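Chemist: Just need the whole structure built from these sequences, with the hints factored in.
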Amino acid sequence: MSNLSSSKYRGYEADRSKYPEMKNGKAVIDLDSHKYTKIWQGPQHPGVTGNMSVELIVNGDEIVWAKTHVGYLHRAFEKLMERRKYIQCFPLVCRICVPEPDTNEYCVSAAMEDLAGITVPEKAQWLRTLNLEMSRIGSYLMWLGGQAGSLGMGAIAQWTVGMRDFWLDLFEEMTGGRVYHMYMIPGGVRKDLPDGFKERARDLIIRTRRLLSDVENTFISNALVKSRLQGLGIITPEMVDEFGIVGPNARAAGRGYDIRINNPYVKYDELDVKMITSTVGDAYARAQLRYNDLHQSLDLVSEILDRMPEEGAIQAEMPNLVNWKIPPGQTYVKAESTRGEHGFYMVSDGSEKPRRVFARGASYTHAISVLEKLAVNISISDLAGLMVSLHTCPPEIER
Amino acid sequence: MEQLIKKIKGMVHLRAYGKQRDDLHFVTVDKAQLEMILAHLKNYEGFTHLAFLQAVDLLEEGKFRLIYMLYNYSTNVNLGVNVLIDRDNAEMNSIHKLWAHGWQYQRELHELFGIDFPDSPRVHESFVLEGWEEMPPMRRDFDTLEYSNRTFYQRPGRSTNDPAEYMKEKIYKNYPAAPVIRRDNE
Amino acid sequence: MKLKDVLSPLRVWERAAQKPWTIKDPINDRPGADNYRGFHKNDFSKCIGCGTCEEICQNDAIDIVPVEGQETVDGDSGLRPMIDYGRCCWCALCVDVCPTGSLTMSNDYTWIADDPEDYRFVPGADKTKWQDSTVGYTRSPDIQILDYNRVDMLEIKPEDRDKSFIEIVKGYNKEQAIKEAERCIQCGLCTATCPAHMDIPGYIAAIRDDDLDQALRILYETNPMPEICGRICTHKCETACALHNNGDPLAIRWLKRYIADQIPADKYQEILGTAHLVDEQLNRKVAVIGAGPAGVSAAYYLAIMGYKTKIYEALPASGGMARYGIPEYRLPYDQIDKDVEYLKTLGVEIQYNTRIGEDITLEELHREYDAVFAGTGLHLGRSTRVPGSDHSRVYFATDMLREVTLGNEIDVAENIVVIGGGNVAMDITRTLARLQNQKYGKVQVLATCLEAEEVMPADLEEIVEAREENAVIEPAWGPKEIEIKNGKITGLHVSKCLSVFDEDGRFNPRFDEEQKKFFKADMIVESIGQGMDLSYLTEEIKAELKMTPRGRIEVNDKFQSNLKWLFVGGDIIEGPDVIHGIANGYVAARGIDSYLNSK
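Chains as they are written, first to last, in the numbering used here: chain W, 1 to 399; chain R, 400 to 585; chain Z, 586 to 1184.
Worth flagging that the hints you see were computed from the coordinates, not collected in a lab.
Source: prediction; values computed, not measured.
Please note: incorrect hints may appear among the correct ones.
What the hints assert, rightly or not - Quick list of in silico lysine-lysine cross-link-like pairs, BS3-like style, CA-CA up to 30 Å: (1) Z:Lys1131 / Z:Lys1105; (2) R:Lys441 / W:Lys26; (3) R:Lys569 / Z:Lys821; (4) R:Lys441 / W:Lys373; (5) Z:Lys631 / Z:Lys712.
Modeler: This is the structure in structure tokens:
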């Protein structure tokens, strides 16, 4: 893509014509020269996504150097799981991502089932699909609020986060919890849908669409938003492989990689999931893509509700899970979170406890390697918008 | 996939191969041949996506198992490349030149497992554990409970009971314990 | 820049006219959903204090503690969970795992207290505003964290077994046993209920780890007759099993049998470490009367403690009532021999066909030995004493079962009525059914008892299997008269029995004399209980020996009578069942040990 090198686009290739001076391919930044200022964005900063911080060196309001710091939220879940029985893991893993805990629950249960050779019954699969897709809606709504908020549009943030709360109401009915649902257990799910759930969910889909039409008018089709986001944080197709970029970030750069389509899990193979891609690769393209994906998720939830079987087991026949041992082996199970490929690598050694669990979150590279690269040569005021447009989520970096 | 495995077999010493699912395979290769096979898989076999690089502590065998999880976008197949390295003075070649985010995983493995990647950029920077002075905590012999008891205080006044012991105390305290077998040589 | 993109955001103002979503008073207007995971509730009437909630809590938030007013009884430890809400993460795994379903959650999630200690309490014991809440999270009946379904035991089909005395229950194989053992949650409530207080969770865990040597060692710590006990134990432990509250209890008895079945007799000494016992180290001798479970148990523990022990048995083989009272299809004789043969390898002598009081007197034993243990059992039948019960074709079940075991010919009639509803009654019914089948090719045996079907003392599987073998069971009838015509029995007259015990719990059956029935029979077997034969006690001893008001020998907690050298146990003291006998023998052996050491 030749136009990427034009000065209109900022990000991938930094314009070093003025500063800082380059020596042997490295920027020379002398803080004592008083040309540069070091500032920290985060960890307590409204413009940072969650508990992380970015150490910045700026020249005027232009970022010339950035470094991501994490570790404010390290709870050692992977280590804790090595010290817990398999059944005790599911209440832990949901905490790896606050806005979208269900992907973790699914992956950890699916990894155990894969290692133990358990087939989850049809109805439980549908309930899992519903749960996962609903959590994607919740996460996208929160992202939409964050993206708008990062550009100073607090009202839109309030609408969408408010709407997300109605989705959390549905989660509360379905799973018993609003934020951490702890719904998927090895072998299936914990509860069937309550009475009248489908009607309330369909009603909420309509309300969400109504809200989204307002968002369309005020955000997607907003000259201000376009001028702020277009050209910001361009991810080129070459970067996708280079940095292991996944999810909407990769799809906006033209890489058609959506695990729901490429490696379908639960019931996605029976659902009509469309690959939404763009070739522009900037923050606005990503915003548009997520907005469209959110609409698709609403469609999918609607379709799942229609196809949800009335009867059926919600859990496979399981042994006593308190003494459950899984035969030795290793596996990797992944699912499409709103941020991209979310996977669990699990090793069992035949005992009652997992040998090793690793949670792969999309933000691991997005918030460190990619962010540190894309942040250079943009204005400080754009950094928050850039971070949100990468949809970074610190807890999945440090687990 | 069978062809690919055959090809890998022809190129390197294939220590083990396993198929977990149709879209997930594992191979184990020698430490010295890893970079070569990864470069081949990335450049010629379409495994362009490095999903993660992680380690498993095989304490009993004195080894670390490194796992490079690759993905092929066109065939939708995950291939996990395993390498066993010694646990003492654990060291491995860096792959940051193959994947730009490789250094991140290598930094993490250095901090959490104590595996060194000599050429990897920023590998000795702290990742999540600034100011950590204990052994790398993801090693199996790091005792989390002992560390926790040493570092944090417990809420006072907690006590618990074993139901079986408690019932013995309450119901059949005087029931004699099993007799000691009196052997000739004791 | 498009003009549309400039103008369209202005539509933000449309929303100014919309009704806000805010909930005005969230504390009162916003209860949790019906399925909400709020503060815990615990129904004390269901809770058994098994501690599984504590075990499963991955936050270490639950302690299981004594609570005022909760007694420790069989099947209920009296402990209750205390939850530390500073640690609880509301995952409700404790609710899902609770085997009784006593632990649930309310939908209440708001609560403010000044003292942080208030957030640690025992749900159900301390008054809370949500304790009567009817909604909140409960375990869905469609999911299982614990496994409530027992691994099926293979049995020989009725048509293949009803003509012979072949053992019915096949026993678990390794895969089945491990699968069954995995169901155990190690709460240990069963240990208190077992009369021998066996370490049941211990040997089940050993089965799970496939370490049968260790399992056998655990068995022999408190029970030297695993083959016998593993087949015919009354398994009170299984009624105390926590899983029994919501499904099938662990098959504790079959698992015990599995351990013993897998290990050949010649390996016992090596595994149990009894190859080189001290040889008369103490130079003290103990005599045991009766080679039944109590006697064998006492002899075993005396032997491993180094005592020279000799058993005197009146009948020609060992096992006592286990052999002469229980049919072979339930307990094959070679399995009794396996347990007893191992005992013999430890140097214990058994003298058969020697009846104390006839062949040797008790005084002689007293003179010759330092202590005597008597486990002589209940071998006498009891009569209903209804008119006609003195007829020669009216038998006692115990006598008849003994005759069958001894191999003596039984004159089986074509129509037989058995009076009694316990396990012995089922044993004789099914034995006679087999004999009838052999002789006549058909079964015409009927068992009747006072108790109604639901409260029949026999084990359920005994009743089921008896019916499978074509025996008829007629519960809730009281025998009135045996009809005799021309010197021959023609049948039994019965009246409907309404209740067996009165308000005070005394045996005092009430009948409805209007409802009558006649069971045709030309032979009747009475099986309404057994009596003890204490004729070996001489007049001198009787004069000194203290008896209880109910006619049993009075013993202390070591089964020692007031004659310090005489220890008594087994069915004549407690039971009747095999496990009490074993437990008595075990305790008495320890008692004899301390008595002789203090002498």
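Chemist: Hint by hint, say whether it matches the structure.
Modeler: Hint check:
Among the hinted pairs, lysine 1131 of chain Z with lysine 1105 of chain Z is inconsistent with the structure: their alpha-carbon atoms are about 46 Å apart, more than 30 Å. Only pairs whose Cα atoms come within 30 Å are accepted, and lysine 441 of chain R paired with lysine 26 of chain W is accepted, the gap being roughly 28 Å. Distance hint between lysine 569 of chain R and lysine 821 of chain Z is fulfilled; the C-alpha atoms sit about 19 Å from each other, no more than 30 Å. Under the criterion of a C-alpha separation no larger than 30 Å, the hint pairing lysine 441 of chain R with lysine 373 of chain W is consistent with the structure, at around 23 Å.
The straight-line distance between the Cα atoms of lysine 631 of chain Z and lysine 712 of chain Z is roughly 18 Å, inside the 30 Å bound, and the hint therefore holds.
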